[in-house]
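Chain residues, written in single-letter form:
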Amino acid sequence: KAGVTQTPRYLIKTRGQQVTLSCSPISGHRSVSWYQQTPGQGLQFLFEYFSETQRNKGNFPGRFSGRQFSNSRSEMNVSTLELGDSALYLCASSLGSGDREGEQYFGPGTRLTVT
Amino acid sequence: AQTVTQSQPEMSVQEAETVTLSCTYDTSESDYYLFWYKQPPSRQMILVIRQEAYKQQNATENRFSVNFQKAAKSFSLKISDSQLGDAAMYFCAYRSELGSGGSNYKLTFGKGTLLTVNP
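Protein chains in written order, with the working numbering: chain A, 1 to 115; chain Z, 1 to 119.
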C-alpha cells in the first residue's frame, strides 16, 4: 500500500505570492491533517479535513486555508506569503472514523522557502 | 489547552547503551493518547510507540518502552541497545480521546529531542 505523498517536495516563493501544496493520503484514509514545522515554533497543527469538511482548525491566520476533494486528496493554500511562512509543511492521513486509536501516518513534507 | 514539554533539546548515547528521553505534559482531560514519533534527518516522521492514558501498563515495542506516570503527567521513552539507526529527532505528542465524530485528530507536539548515537 502506497504511503502518504506530498507534492511538490521543495518550493521557493517570493514574499507576497501565494502557494498551493498537495497531499494524497493512504488509500482508504479519509482524514488529512496539516502541520507546520519550523525551528522556532516546532510542529504546529494547521487543520484537519474529513470527507471534504474541515473538522478542526489550529491557531493560524486566515491566509492559511485548505480543502479536501472527494477522493480524499487535500490541498493547503497560503496567500500573501511572508518570510515567516518558510517551513516544512507536513500532512498526515488516518482513517478518520471507526478507528479508536486514530493512528496518523505522515508524508515526507513540502519544504517551502519564502524569499 | 494541552501543552507538551521536552526539556532535553539534545541527547547522546553510545551504541548498544540505553538512553531515556523525557516528556511532561499538561492537560485537564482524563482520557487521551500519548505518542513518541521519530523524525530521521530528511526522512519521514514515523510512530515509535503509543500509550493510552487509561492503560496502567507501560507500552513496549521491541527496544522501545515508555514510563508513563499519569499522576505526574510524565511520559519518558527508553531506548535499549541503541543502534546507529536510532539517531533522529524524537517528538513527544499528545492527542485527546477521539470524540464520537472523530473530531480530535489534532496532535500537540513537544519541541523535540535530537538524539545522537555514537559508534
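Hints may contain errors.
Sample of chain Z residues facing chain A (criterion: CB under 8 Å; computed from the structure) [stated by the list, open to error]:
#1 Gln44
#2 Val48
#3 Ile49
#4 Arg63
#5 Phe64
#6 Lys73
#7 Phe91
#8 Leu98
#9 Lys106
#10 Leu107
It is worth saying that the hints were derived from the structure and are not from the lab. Glycine is no exception: its CB is placed at the ideal position from the N, C-alpha and C atoms.
Structure-based check of all given hints:
1. Because the closest C-beta pair between Gln44/Z and chain A is about 5 Å apart, less than 8 Å, the hint holds.
2. Proximity of Val48/Z to chain A is violated relative to the hint, the smallest CB-CB distance being about 12 Å (cut-off 8 Å).
3. Nearest Cβ of chain A to the Cβ of Ile49/Z: about 11 Å, over the 8 Å cut. The hint is violated.
4. For Arg63/Z, the shortest C-beta to C-beta distance to chain A is roughly 20 Å, which exceeds 8 Å, and the interface hint is violated.
5. Because the beta carbon of Phe64/Z sits about 16 Å from the nearest beta carbon in chain A, more than 8 Å, this interface hint is broken.
6. Annotation: interface hint on Lys73/Z violated; nearest CB of chain A at approximately 19 Å, more than 8 Å.
7. Proximity of Phe91/Z to chain A holds as hinted, the smallest CB-CB distance being about 7 Å (cut-off 8 Å).
8. Satisfaction of the interface hint for Leu98/Z is found here, the shortest Cβ-Cβ separation to chain A being roughly 5 Å, below the 8 Å cut-off.
9. Nearest Cβ of chain A to the Cβ of Lys106/Z: about 5 Å, under the 8 Å cut. The hint holds.
10. Against a cut-off of 8 Å between C-beta atoms, the interface hint on Leu107/Z holds, since the closest Cβ of chain A lies about 7 Å away.
Hint compliance for this structure: hints 2, 3, 4, 5, 6 are broken, all remaining hints hold.
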